[in-house]
Amino acid sequence: MQQPEPLIPLAVPPDWQDAGSAILGGDGVRRVLVLGAPDAGKSSFCRLVLQQASRRGRPASLLDVDLGQKQLGPPACVTLGLADAAGGVPGLCALSFQGSLEPLAAWPRLIPGTARLAAAAPPGLLLVNTSGLLKGAGRRLKAAKIAALRPDLLVAIGADAALEAVLADHPHIPVRRLARPAQAVRKGGNRRRRLRAEAFAAYFAPAPAWPIDLAGLRMEQAGVTPWPAPRQLVALLDGAGHDLALALVEAPDEPHRLRLRAPRVESPVAGLRWGGLWLDPGWNAHEIPRPPRA
1 MQQPEPLIPL AVPPDWQDAG SAILGGDGVR RVLVLGAPDA GKSSFCRLVL QQASRRGRPA
61 SLLDVDLGQK QLGPPACVTL GLADAAGGVP GLCALSFQGS LEPLAAWPRL IPGTARLAAA
121 APPGLLLVNT SGLLKGAGRR LKAAKIAALR PDLLVAIGAD AALEAVLADH PHIPVRRLAR
181 PAQAVRKGGN RRRRLRAEAF AAYFAPAPAW PIDLAGLRME QAGVTPWPAP RQLVALLDGA
241 GHDLALALVE APDEPHRLRL RAPRVESPVA GLRWGGLWLD PGWNAHEIPR PPRA
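When we follow this note's numbering, the leftmost residue of the sequence shown carries the number 1, and every step to the right adds one.
None of these hints come from the bench; they were simulated from the model. Every residue, glycine too, gets a C-beta built ideally from N, C-alpha and C. Hints may be right or wrong, so weigh each one.
What the hints assert, rightly or not - Computed Cβ-Cβ distance ranges for the label pairs, DEER-style: (1) R30 with A209: 21 to 31 Å; (2) R116 with I173: 17 to 27 Å; (3) Q17 with P252: 51 to 61 Å; (4) L104 with E266: 29 to 39 Å; (5) P252 with L24: 50 to 60 Å; (6) R150 with W227: 37 to 47 Å; (7) R191 with E102: 16 to 26 Å.
With these hints in hand, go ahead and build the complete structure from the sequences.
Put into structure tokens, the structure is as follows:
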């Protein structure tokens, strides 16, 4: 399971502690959507509340909707996990592969995937961690997520005009505004890429490689390649078309078979779906270029 770098600042703002206590002590608060600009501390706040929930013995889960900077599971996926007894990073229990690291590019699959995993969450508190896209199309995407999730509370971290615009679109939902921690710093592009590679490595490195027979499988092309290629990411699907796991194509094993690296799944694999992402040997993700339009 992924073991990310520490997320909680050494000095947690007092209003964060108070907000966590209010969330866990409030009647009717079951879904909490955490919003903020990039690197405002959204993941750190989610971890803090998970730790508080653990100390109170309250069940809690995390829905990670940020495709590029994951708190839970592999990038390019919406992920759902249950908090462990210590309130640490939840154990991954479900995912929805989006075929892209870019939320706007994944929009048609992102919203139904988010709604499906939210519906699959067990009883208890559900924290939803989102990306930092707030302006323009990002604002409209946030509105679509809010409509799909119907949160009981919005947590807004930091002072940002784009964030206020998102909140103004949903005046009927209560808002808890929090200060951005002084220790929060922006991640550069190189660091973001390194963290993504580490998250992919944490998911795939311990996974076994095994062959899969393609005869009778439903093949869903959502990218630019007509067939899954070596090093390409694919989702393993169950009979209902829902994602069982994320897999990395290693090579054709023999005609009508592929050799994949993926966690073993309990349900039968009924199909494959692939997008436009592949991983190099260093676990760095790359988009497969789309051919130019005529």
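**OP:** Could you tell me which of the numbered hints above are not met by this structure, giving the numbers in increasing order?
**Re:** 1
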